[in-house]
Amino acid sequence: MKNNPASTLKSKQRLLWLWLATVAIAIIALFLGPAGIPDRNILLAVRLPRVLLGLLVGMGLAGSGTVFQGVLRNPLADPFILGTSSAATAGVMLANLTGIRNFYLLYFMALGFALLSITIVYQISRIDGKSPIQTMVLAGVIVSLFFNALVFIVFSILYRESFNVLFFLLGTLTGGDPMLIVLSAILILLGFGASWLLSRELNILTQGEETAFHLGVDVETIKKILFVAASAMTRAAVAVAGMIGFVGLIVPHMMRMIVGPDHRYLIPASALGGAILLIVTDALARTLAPPLEIPVGALTALLGAPYFVYLLRQRQRAGEF
Amino acid sequence: MKKLLLAVVLVAVGLLIYRQVTRKSLPSLSSSEGVRIISLSPTLTEVLFELGEGERIVGVTNYCTFPLEARAKAKVGDLVNPDLERIAQLQPTIIFAEQWSSTKIVSRLRNLGLKVTEVPSPRSIEEIYRLIESVGEQVGKAGRAREIVSDMSARILAVKEKAARFEHHPTIYIEIDIPSWSVGRASYTHEAVTLCGARNLLEDVDKPALLVSQEIIIQRNPEVILSFEASAEQIRKRPGWGVISAVQRGWIIDHFNRDLLSRGNFRLVQGMEDFQSRLESLLKKKARSSP
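Order-wise, the sequence lines are chains P and U.
Take any residue in the first sequence, count from 1 to its spot, add 848: that is its number in our numbering.
Take any residue in the second sequence, count from 1 to its spot, add 130: that is its number in our numbering.
Hint data in this document are derived by calculation from the structure and do not stem from the laboratory.
Nothing here was measured: the structure is a model prediction, and the numbers come from that model.
Treat the hints with care, since some could be wrong.
[Stated by the list, open to error] Distance ranges between label pairs, derived from CB positions:
#1 994(P) with 281(U): 52 to 62 Å
#2 281(U) with 945(P): 41 to 51 Å
#3 1038(P) with 350(U): 46 to 56 Å
[Said to hold, decoys possible] Calculated from the model, a selection of chain P residues having no Cβ within reach of chain U, i.e. all distances over 12 Å:
#4 870
#5 1002
#6 1034
[What the hints assert, rightly or not] Here are the simulated SDA-like cross-link-like pairs (lysine to any residue), alpha carbons at most 25 Å apart as the crow flies:
#7 337(U) with 367(U)
#8 367(U) with 996(P)
#9 367(U) with 864(P)
Beta carbons: idealized from backbone N, C-alpha and C, even for Gly.
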């Protein structure tokens, strides 16, 4: 991979800088909003939860993007493009339709859908143990189309609540049941922790599964754990923030340029980068057109879609396609 | 695989045939000669019934639930997703639709040779009057339409007079949907609430509806909250909302029938009277507690 900054020391240093940047941006974001410089109440009850939610969701989305890209050895993998977010949303909507009100059942139904979708994409696109870019993206598009269709069927049936549901589909950091946030925080932290612990194995996996096997890595088990970890992070992020796209795609790429491809640094760097991106876009969402809120998912898609095209074209030029 | 596919197709065809057979049979055409109306909007359905055209309506949208008689009419989908076949089958002589810039459906209906009358969606009470009058003219009930309008304006005048007697005109946050959808001044809901004697917290926004930042609501500190969806209990529990004057005083009007203040027709007056009396009892409470 090009742009590989040489030494481990450098990566460590840059990771530290990212830490500092995240903290600084989070603090600055606390003071940005349509109400201007906030009083204590607005600061603690409105802004702080939004910034924390941005941190959590950004971390989850970018973290899962990094893991998906690594395991699938595919730079265009992203929970949004692979249909994982759509599937999780479809799970939530279907649960709504069937009148399931049990909180945990609903939550884990969505997680099940996310896992199902990534399994399907993986099975469709796998050729000789590898998932080539074209088939992967196509499979992702097909699977997300399918789940989006499901979402919209349910959407048209649940017309009464649709105003809200539509907004949920566009992604937002404004709502939030504290229970849901706590559960999602736990899932994201667990998923992130598991991925980080397995970052050495992930490094070996990216060399190719055969190589990994010969180096004594239990390829199938590791892959399964990583898939579950990444799906859990996606699911948890979707549960609290709806469909916020492209964060999982853009951030790992930027971070690879900064800290290099070693997952021991890339995973935490992506989590931080995702947090920064989401905190900043959410600050924009509430300050661009006050007193209106702009859906934050629309903003990330606005940034992400052109970046996706740029990546595709670059790889075409490099002859990697 | 082939067998599975075949099975799926067979089940689908079977379902379709079943639906077709069990579908409500159409009223025979000969029995209702003359005008046959289809309404593609709940607001217009209500206006048509009020004009006494209920008998002549042959089709309504899936969301036309008022008056009760409307529920018994044939359903033709809605303006976004109308059932064109069903509409054509009902052989309407006139179709009423609210003007939506984003849908091509009206031109498709016209291409089928059907007569469609588009009425602009009202944004103010004045436009509601015009809507009722123009529908009245279309169905030959101009006189009845004028009666409705003059009844409305008389009742609104009474509401205004009552509002003028209020010592205090409290600021109000109108939440039409969760998490914080509200109305700006380009809506009749805003106008109606204002005429009742409250001041819309978001009157500076020249839009019909908007998702407003929660911190703005907290900062502007409304004295009253009117909520169509969330209950007072839910609003009280929102983080950071405890400091809002309306929450502290308990001046939250919830469980309000949203249709009364969000249908652009004569029912708005009913909504205004209901809202004003609830507002008035809040204001009286204050007068009593602070002599």
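Tested hints:
The hint said 52 to 62 Å for the Cβ distance between residue 994(P) and residue 281(U), and at roughly 53 Å that hint holds. The hinted window of 41 to 51 Å between residue 281(U) and residue 945(P) holds, with their beta carbons roughly 43 Å apart. For residue 1038(P) paired with residue 350(U), a C-beta distance near 41 Å fails the hint of 46 to 56 Å. At roughly 23 Å from the closest C-beta of chain U, the C-beta of residue 870(P) stays outside 12 Å, upholding its exclusion from the interface.
Interface exclusion of residue 1002(P) from chain U stands, the closest Cβ pair being 15 Å apart, more than 12 Å. Every Cβ of chain U is farther than 12 Å from the Cβ of residue 1034(P); the closest lies at roughly 20 Å, confirming the non-interface assignment. Of the supplied pair hints, the one linking residue 337(U) and residue 367(U) is violated, its CA atoms being roughly 28 Å apart against a limit of 25 Å. Between residue 367(U) and residue 996(P) the alpha-carbon distance is near 33 Å, which puts this suggested pair outside the 25 Å criterion.
The hinted pair formed by residue 367(U) and residue 864(P) fails the criterion: a straight-line CA distance of about 39 Å is larger than 25 Å.
Checked against the numbered hints above, the structure breaks hints 3, 7, 8 and 9 and satisfies the rest.
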